[in-house]
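Colleague: Here is what each chain is made of, one letter per residue.
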Amino acid sequence: MTKPSWFNRLSILFGFAFLYLPIVVLVIYSFNGSKLVTVWGGFSTQWYATVLSNPSIIEGAKVSFLVAAVSATAATILGTLAAVVMVRLRRFRGRALLNGMLLAPMVMPEVVMAVSMLLMFVTLGIDRGPLTITLAHTTFTLCFATVVLQSRLVELDPSLEEAARDLGCPPPKAFVSVALPNMVPAIVSAWLLSFTLSLDDLVISSFTTGPGASTLPMKIYSQIKFGVTPEINAISTIILGIVVLGLVAAQLVSRRSEQKASVA
Amino acid sequence: MQSYISIENLAKSYGVVSAVNNISLGIEKGEFFSLLGPSGCGKSTLLRMIAGFETPTSGAIKLEGADVTDVPAHRRPTNMMFQSYALFPHLTVGRNIAFGLQQDGLAKSEIKKRIDEVAEKLQLAAMLDRKPAQLSGGQRQRVALARALVKRPKVLLLDEPLGALDKNLRTETQLELVRLQRELSLTFIIVTHDQHEAMTVSTRIAIMKQGQVLQVGTPSEVYETPQSRYVAKFLGETNVFAGGRAQRNGDELQIESDEAGGRLHAAFTDRVALDAPYWVSVRPERVELATSGSGLEGTVEQLTYTGVERHYRVRLKSGATLDARRVNHGTESDLGVGDRVFASWSPQASRLLAE
Amino acid sequence: MSTVATSFEKANWGKRLLIAIPYAWLLVLFLAPFALVAGISLSTVRLGMPPFEPLTAWDGSILNLRLNFENFLYVLTDDTYLLAYLTSLKIAAISTAAMLLIAYPLAYGIASCAPSSRSLLVFLVIVPFWSSMLIRVYSWMSILRNDGLLNALLLKLGLIAEPLRILNTETAIYIGIIYTYLPFMVLPIYSNLSSADKTLIEAARDLGCSRISAFWRVTFPLSLPGVLAGCALVFIPVVGEFVIPDLLGGADTQMIGRAIWLEFFNNRDWPMAAAVTIVLMALLVVPIVYFQSRQSRERT
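Same order as they appear, the protein sequences are chains A, B and C. The C-terminal residue of the first sequence carries number 264 in our numbering, and the numbering is unbroken. The C-terminal residue of the second sequence carries number 1355 in our numbering, and the numbering is unbroken. The C-terminal residue of the third sequence carries number 2300 in our numbering, and the numbering is unbroken.
Do not take every clue at face value.
Claimed, not checked - Chain C stretches covered by chain A per the calculated footprint, using a threshold of three residues with CB under 8 angstroms from any CB of chain A:
id	stretch
1	2024-2032
2	2066-2078
3	2099-2109
4	2112-2122
5	2229-2241
6	2279-2290
As the list claims (entries may be wrong) - Simulated restraints on C-beta separations:
id	chain 1	residue 1	chain 2	residue 2	range
7	C	S2061	A	S222	17 to 23 angstroms
8	C	A2038	A	I28	46 to 52 angstroms
9	A	V27	C	A2038	43 to 49 angstroms
Unchecked claim - Chain B stretches covered by chain C per the calculated footprint, using a threshold of three residues with CB under 8 angstroms from any CB of chain C:
id	stretch
10	1100-1106
11	1235-1241
Just so you know, these hints were derived from the structure itself, not from any lab. By construction, the Cβ of each residue, glycine as well, lies at the ideal position given by its N, Cα and C atoms.
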């Protein structure tokens, strides 16, 4: 495997064409002046204007961002606790169950989690709305955040903390002052991952919301159900732009912290 | 005369970096040949070119007179024992050993016979059904050896084969390798950075530095008559003093050395040009220390006891240091730190070296 | 002595608290809800909120427990549900296999590149995964429609005379699933291949393997854990997928995720939806347990 062969190059080319062609089409047609997909009606930004002046979309975006920000923060905090518990406290009663509960949501069909959480909220008598969506999102993104944090914590040399304790830090302080700063890149990516997953979710939001609170994906979904409109192309392009910007920024941050680490 | 393996003007460069620089070597059938040098000297690259993993930039590799330079690794009659052993983790020991034979399309009964044979020779018979992860380091090393040997290669290539073993096991395994090599009368080429290992196992050693071979010879040749300061220092320890004006006196040379602070004696040979810079070297075990008499005068600065020997570090009057050793005969040392001593050695113990 | 004991006890309490917080969260919001689903699946539908009868009732001094197994009997005997389960499993199996055929060469190709370009390529695999799934499914709608891009292209090239009906068919579901879940298949295979020991390939070559036989005898068997992880990561959620069959599939292809959705929102029969969910979980128990044991083994 010294050099990629023509077969390797071809598979890469084909794979990426498949992954990106639909997205490229979407972006291009968001600037189409015509309402028809097959007709190019000249470059236009009119659909963006329509989107940005649509109060229902803006309202949905507000709900989505609020829910995503709160649930990502909660999931990251809980995920850090869970990662510490799973990595540092090797033996305690009920470890297997906790491990199972942390991993299951990763593969559990969304519908299953959605149904079960809805029934829980109804049983507890909690009014459904942004709060219940946030609780549900925190729960299902928690496992992804934990996986990210756990894999970083496993790599982290425990002798760092031991050194801090040897120098007089009590264990909790040793963790906060030595391990935590070294986990910042993982914490950032855990938060971003949770945030995006929450922002993207349709199924769990639909089940756990109440009347009046609709997230952006719910609004988009109901629009799509009516049919393909260029407006959705424009919303999609805006979301894609935000995601790409966020990813590039995250990449730069983590690369710089890596460089810093390698210099030090 | 054509050697069993001949390496002719072989060179390998990666871009502008040259890893192997125009090496020519002949290795005979049945030799246990070592490529010895520090890391980055090109010894592994040379071995990997012989195995067929690297394509030389120029030059040729011939095996029994046939040019194999462009033959890919899987068609070469050479087999390699990897430094990491490279045992297939998904296969049992038996299937690891069978791997190459299956690839050659041998009959099942023949494969079984050959595995049993090699397993017995290497004491692996009891662990054929185990996976590599269940073995100890020494056992893995034997499986890697068995896997390569079972193919009956014309040449067995060993890339730092004992690096992962602890010291006691390593010495044991070195002797085991020599025994096997004699028994099978195969040709072995081993890459190592451990001069002790090279001396122990080899029939001949090639000492390499920066992509070049500095000297080839039997262990005693390279140790007793090194041809350069580098070889002398790399193989064992030695004292080296810059030589100055020299005068021939029959079979003997009398050399003035400012560095040593006195006159040194050496047997006369015409190998070293005395008008260019040259050095006089003497192995510590050949130096004799006395409390009186003639020779280089100095004080014992350090004395270490290793069990087998006592090591003395002497600060000469010139300011240079001289190391000397005495075999432990069970008596207390008559020399202590701070004692004044005179160091001398026979002219035959001196070696004249070019750069 | 006493200070050691107190600090030990303090540490112990801290530890318990540390364990208790995530534990309590998951018990209340993850595990207990499952028990509830199981309970409600044995209940009877009624009008009002919540739209199901409680399982227990006090009748004077007697505690009545009413367990209604009718939902399960119905789910397990009714053709529409059976068909939906089978269709879901079939679609998940076929699309997982097809995805493997695309993902493996892609992962292998990336792993064979120089480390410097690898990280960029991996990044490019991840980008679509981070962008909204709804959007990605939607992008295929505009491509696959009767008056969509693909048909326009094929008509222009003269390859077809009539627009092909692709949207609202099973084919569209396959395309959507493969497209959406591809990164989940590529990444575990890639991470396995890129961490593979390259000297093993050299050893195989040294022992007489050609490039191709070295791949099949060494690289591929060693990458199986990555392949299985990718398959589990894809197969299980796809079985319960809702968005893709709902937007790309037709009325004639019913997948179980969509059936649950309809039961909930259109029929408002929560006990029945709960029963369908429980049966779905029962179907997926084996692959989920496999996935979990693999993951936790990897982590220790």
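Colleague: For each hint, tell me whether it holds in the structure or not.
Modeller: Against the structure, the hints:
1. By the rule of at least three residues with a Cβ nearer than 8 angstroms to a Cβ of chain A, the coverage given for the stretch 2024-2032 of chain C holds, with 8 such residues.
2. Interface restraint, the stretch 2066-2078 of chain C with chain A: violated (0 residues with C-beta to C-beta distance below 8 angstroms; minimum three).
3. With a cut-off of 8 angstroms between beta carbons, the stretch 2099-2109 of chain C has 6 residues touching chain A; three or more are needed, and the interface restraint holds.
4. Coverage of the stretch 2112-2122 of chain C by chain A holds [criterion: at least 3 residues with CB-CB distance below 8 angstroms; count 3].
5. Chain A is given as covering the stretch 2229-2241 of chain C, and this holds because 7 residues of the stretch bring a CB closer than 8 angstroms to a CB of that chain, at least three being needed.
6. Here's how the stretch 2279-2290 of chain C fares: 5 of its residues keep a CB closer than 8 angstroms to some CB of chain A, so the rule of at least three is met and the hint holds.
7. Separated by about 51 angstroms at the C-beta atoms, S2061 (chain C) and S222 (chain A) break the suggested range of 17 to 23 angstroms.
8. The supplied range of 46 to 52 angstroms is met by A2038 (chain C) and I28 (chain A), whose beta-carbon atoms lie about 49 angstroms from each other.
9. Separated by about 45 angstroms at the C-beta atoms, V27 (chain A) and A2038 (chain C) satisfy the suggested range of 43 to 49 angstroms.
10. Counting residues of the stretch 1100-1106 of chain B whose CB lies closer than 8 angstroms to any CB of chain C gives 3, which reaches the minimum of 3, so the coverage claim holds.
11. Figure legend: the stretch 1235-1241 of chain B, annotated as covered by chain C; annotation inconsistent (0 residues with Cβ-Cβ distances under 8 angstroms, at least 3 required).
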